[in-house]
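K.L.:
Sequence lines, in order, name chains P and Z. The numbering of the first sequence is this note's numbering, which starts it at 1 and goes up by one. The numbering of the second sequence is this note's numbering, which starts it at 1 and goes up by one.
In case anyone wonders, no lab produced these hints; they're calculated from the structure. Using N, Cα and C, we set each Cβ at its ideal position, and we do this for glycine too. Some clues are possibly wrong.
Claimed, not checked - Just so you have them, the derived chain P footprint on chain Z, three or more residues with Cβ under 8 Å:
hint, segment
1, 69-77
2, 91-100
3, 113-120
4, 202-210
5, 218-228
6, 233-244
This is what each chain is made of:
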Amino acid sequence: MSRRNWNPGFWKTLFFIVLAAGLVVFWMRWTRGLGSVTHLSDAFPWGLWVGFDILCGIGLAAGGFLITAVVYIFRLERFKPIVRPALMTAFIGYMLEVLALMLDLGRPWNLWRPLFSWNPDSVMFVVAWCVTVYSVVLAAELSGMIFEKLGWKRAQVIQRRATIPLVILGVVLSIVHQSSLGGLYLTIPGKMHELWYSNFLPLLFLVSAVSVGLAMIVVESRISGRVFGHHLGGRTLTELGVAQLVMLGIYALVRFSDLAARGALPAAMDLGYESGLFWLEVGVGLILPALLLMVALKRSNLRLLYGASLLTVLGFILHRLNVSMTALESSRGEHYVPAIPEAIATLMFVGLGFAAFRLAARYLQVFPHEGDHARLGDGRAS
Amino acid sequence: MKTMGMLIDVNMCGGCHECMAACMKKQGFEGDPEQVTKLSATARTILEHAGDYNVRKFCRHCIDPACVGACPAKALVRTDYGAVKYDSDRCMGCRYCMISCPYDIPRYEWDEVAPKIQKCDMCWDRIEAGGIPACAEACPAGATLFGEREELLAEARTRIQDAPEEYLDYIYGEHDNGGYAILMIGPKEIAAVRGGIDFADSSPAAIARGVLKQLPGFAVVGAAALFGIYWFAGRRNRVMAEKARARTDDRLPKPPKGGKESNHVTA
């Protein structure tokens, strides 16, 4: 047990308490039904588990496909050291989605059906299909790390040769399902508040996934710097900050020109519940991080860059929670507030994510060894 | 089989709740129909009130149903005669149908360990056995008629023409959102619960269909573009490496060979 840097006693204790409580939630759901642990209802069939665990979770894992595209498609080799941590984070994220679905789905033993149903009208079919196939692609992309650990040279060579096709497949699947998550809401214009319904929801979900993927790499670098002593160089972080700022700009352009084109800007000016949450999302999660990023880049202040990235993540989460919950409240005529067990289960998934990453970092070569750059990213055997 | 449907004539309904009682009996749901005011996992049809009128609320059996379009597992399907039915053995319980239905009809068994969707299925089992839906059979007033949709439409038009002062000149379900199998006519007051008459003529399912149709093409073009970028990036890296080597070679004592190579590459 490593006891350096921070106090594992406190975090471990907290983790096991949340884990125990989360298991109780699982047990309740599978003995008494969803109604016993959630505030879900016929008016709000989707709550925190879909809004956060799925919509945000998949978006937060976007760093995985982004970084493979940067390193293997655009061939910017200097980003190679973050390929493995980003892919590992993404893979753990998708595995946690599956776990969350075991709680949220009514009949999860039919989870395989979308793979073969081929309903060409169903956005959910596209999401389910792409997420499943992409999880396999992620596993294949990461398998080099396992082969390396086991010392299977031949498997490593085969895995390395498959890298480019795997990366292209993974990037296409990711673009499709990241945007399809927003596409889920395209069919319900009549149910959603005008501040959030948009024909451009798929594009907004894709662009925000990219900006949050970039922000998450900065955040992860900071955390892994504290916990494992591995962090990215200042130049790489700065480049990530520039890219993040560009994506936030594109996002703001699409978001506001769409609002203006639909004549929804006056709704943002009303003082009310929806407009308040809208400005929280846009002010704290879009305008503020963009300003902070500009200052951070101008002054080469990495702490500020880290803070701005955290706000980008927050703004992303607020947008997705607003789309999946706030936007529906007025047409439902009621509010949805998650039940405590829903929050506990979500906390458990977050905690499991951290724990899984720690284990992976301990037993696999997720981070580069010093002066070992030739071996990074693709499990090169030589 | 031809497209079947039902015609609800609100002017004929006396509010006896027999349709609800018959439905609950067939489904094995407990309770007093007169006390049930909301659709639920144990109430597939209810009566809403618009002034003194009773307006039935249950699945409209859309011709292009949003729920069928939404279902990733094909647990919801529309039969060739128009009933939208649900197969719990295929359902994975994602509840996207509940999100997608423009009329908020599907209900969920929130207290069940393996919950199912509950909604009117037009008594497809009775129809396929040659019978008619339980509610239509139970109605003593002729306010719920079962038959071929075309014939019901003609009947609805006749009724409106014969008594224009008693009816809103509109057949709910003829075209709205692509049309329903369940048609409704009645007095002007029912617009309060059924909404205005400015529906779109195509279903929300068509929105998703239009977007998803472009996906395969997008995926192919996207993959090709990525491969193109990969190739160009490789070339750029090679050229840059050669240039860097050329610069280094220039400073070396024997330049000719390096110079030749670099000319060859950049030419």
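K.L.:
Quick one: which hint numbers does this structure break? Sort them smallest to largest.
P.N.:
Result: no hint breaks.
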